[in-house]
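J.: Now for the letters of each chain:
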Amino acid sequence: MDLLQQLQQANYSGTALTGSEQVGYQQLIAGAIAIRLQYPQLQKQAIALHYTTLPSFLMALLAFDGWSSALYLLPETALDIPELVQQWPSETSVKQYSAIHSTIGSQETRWYLATSGTTGTPKWIAHTFASLSRAVKISVDQSTLHWGLCYQPTRFAGLQVLLQSMMSGACISDCSTGDAEQRIEMMLSSDVTALSATPSLWRQLLMTGRLHQLPLVQLTLGGEIADQALLNKLSALFPSARILHIYASTEVGVGFAVSDQQTGFPLSWLGTNHSGLAFKIDGQQHLWLKPPHTPDSNLAKRLDSEGYLDTGDLVQIQDDRVQFLGRDSGVINVGGNKVHPEQVEQVLLQIADVLQAKVYAKANSVLGQLVVADIVVTSHTDHAKLQPQLVAHCQQHLARYQIPTRFNFVDHLSTNATGKLNRKEPHG
Amino acid sequence: MKLEQTIRNTLAQVATIANCELIADITDDTVLLQSGLDSLGFAMLVAQLEEDLGIDPFSQMQIAVYPRTFAEFVTIYRQAQQGGNE
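For the protein sequence lines, the chains are A and B, in the order given. The first sequence stops at residue 915 when you use the numbering used here, and every number in between is there. The second sequence stops at residue 94 when you use the numbering used here, and every number in between is there.
Errors might be hidden in some of the hints.
Stated by the list, open to error - List of simulated lysine to aspartate or glutamate pairs, EDC-like, C-alpha gap at most 20 Å:
hint	chain 1	residue 1	chain 2	residue 2
1	B	Lys10	B	Asp33
2	A	Lys849	B	Glu80
3	A	Lys849	B	Asp64
4	A	Lys872	A	Asp861
5	A	Lys531	A	Glu508
6	A	Lys531	A	Glu570
7	B	Lys10	B	Glu80
8	A	Lys825	A	Asp797
9	B	Lys10	B	Asp37
10	A	Lys911	A	Asp898
11	A	Lys825	A	Asp815
12	A	Lys849	B	Asp37
13	B	Lys10	B	Asp60
14	A	Lys849	B	Asp33
15	A	Lys825	B	Asp46
16	A	Lys624	A	Asp747
17	A	Lys849	B	Glu58
18	A	Lys777	A	Glu829
Don't read these hints as lab results, they were simulated from the structure.
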């Protein structure tokens, strides 16, 4: 059953979203059917979906799931699309109109979401609707929630919130743009009761001093490692609310939620099944997960003989908990934004005076991690003069969160036997 | 007063590196996230103060406190310094 059929069957009568306009579930459904009727030429086509407004985005999702062959959710950054696709919203006018044209979805749509690849270059990851909606919870309680959308709706995390809200019959408002003050304003004006955000955004919302005014009953933390002080603070502000921190591996396509308000997850989960997943830790301290479904062919190659996948996340057992330490690849997470050290190093090495560069994460109590660079420069270099040049060069070639917040001038950087930078060694 | 001046100096330094333009007059009542410093700038300020003062009060808290204004921010550092000297 496609998304539209599921909503038709659920037959929700309430408000699906509020914001600059208020749109009901029946309006969304009617809008989606109208799209299928008016653009029959888009059926069985691959469609690239641009985000304009939340109502039109939701209608397009409803119209195209089960109806188009592929659905690409275009991120805010440009990314090539590997096949012939139709752009939506459509620029071409209606060429044909046929009332007898079928509006019934009949095929499985491949969904494509952008993710930052292992090299820092974004790439498309294919999903089925079943896998995207696996975590959705449908209940009477869920249907009464009013979600504030804090993530970009075209990204994995944002889509999860959208699908949760829509499929459970809840209401949602777009709070994904603006600074923390503007967002809390939007949340307060629409009486948001459920929020899913990165720990970094939760900290900023707390800094507004007004978060406690929201009647929150469900709080979700994701996209970064949650720390105990933050969990304690949220729990103190919202003692009767459900507080979850979630772990998700977009590439592996699996995730789980922890609801006991403690960081990490219970050690007892190892060796048993939880959330449909089996857990294990290997000798390199990597977390491996065994998904309940057979992953697509790309991932199937990466399964071990027992059907587990390596998440690439480093974990450590501390007492009765398994705690997350970060990515083994060294990928830095600045407030939910992933930074690939190699990409930043390449930019630094473009400067003639820089001989060697090593980029790594420094723990930060505000954004989780910050980017720091150790650099080796030529002996005649004036450090004080080079520093502003480095910053200016980085500003030209990198996003703000990728720019090192600190440059340490060091005498040498150690390399391993293969001549590569020694990333496991303590930093300078 | 010395602590507040240190924080103000660090704030100005960090704003330059973070490419943030601070508002002209930062007073006790200035809301931090409206001082011109965004979340990245604020994170850098806390990191730099840890180097300058040797403390990061936000990483030492059992239940985190999040300052809204400049005065609240300075108070958190003052309390952390006093706590450390006891």
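J.: If a hint holds in the structure, say so; if it does not, say that too.
T.: Status of each hint after checking the structure:
1. B/Lys10 - B/Asp33: Answer holds: lysine 10 of chain B to aspartate 33 of chain B is near 18 Å, not above 20 Å.
2. A/Lys849 - B/Glu80: Violated, at about 25 Å.
3. A/Lys849 - B/Asp64: At roughly 13 Å apart (the allowed maximum being 20 Å), aspartate 64 of chain B and lysine 849 of chain A satisfy the hint.
4. A/Lys872 - A/Asp861: holds (17 Å)
5. A/Lys531 - A/Glu508: Roughly 31 Å between the alpha carbons, so the hint for lysine 531 of chain A and glutamate 508 of chain A is violated.
6. A/Lys531 - A/Glu570: holds (13 Å)
7. B/Lys10 - B/Glu80: Status holds; Cα separation ~16 Å.
8. A/Lys825 - A/Asp797: holds (19 Å)
9. B/Lys10 - B/Asp37: holds (19 Å)
10. A/Lys911 - A/Asp898: holds (18 Å)
11. A/Lys825 - A/Asp815: holds (13 Å)
12. A/Lys849 - B/Asp37: violated (31 Å)
13. B/Lys10 - B/Asp60: holds (13 Å)
14. A/Lys849 - B/Asp33: violated (31 Å)
15. A/Lys825 - B/Asp46: Measuring from Cα to Cα gives roughly 18 Å; hence the hint holds.
16. A/Lys624 - A/Asp747: holds (18 Å)
17. A/Lys849 - B/Glu58: The given pair, whose Cα atoms are some 12 Å apart, holds under the 20 Å limit.
18. A/Lys777 - A/Glu829: violated (30 Å)
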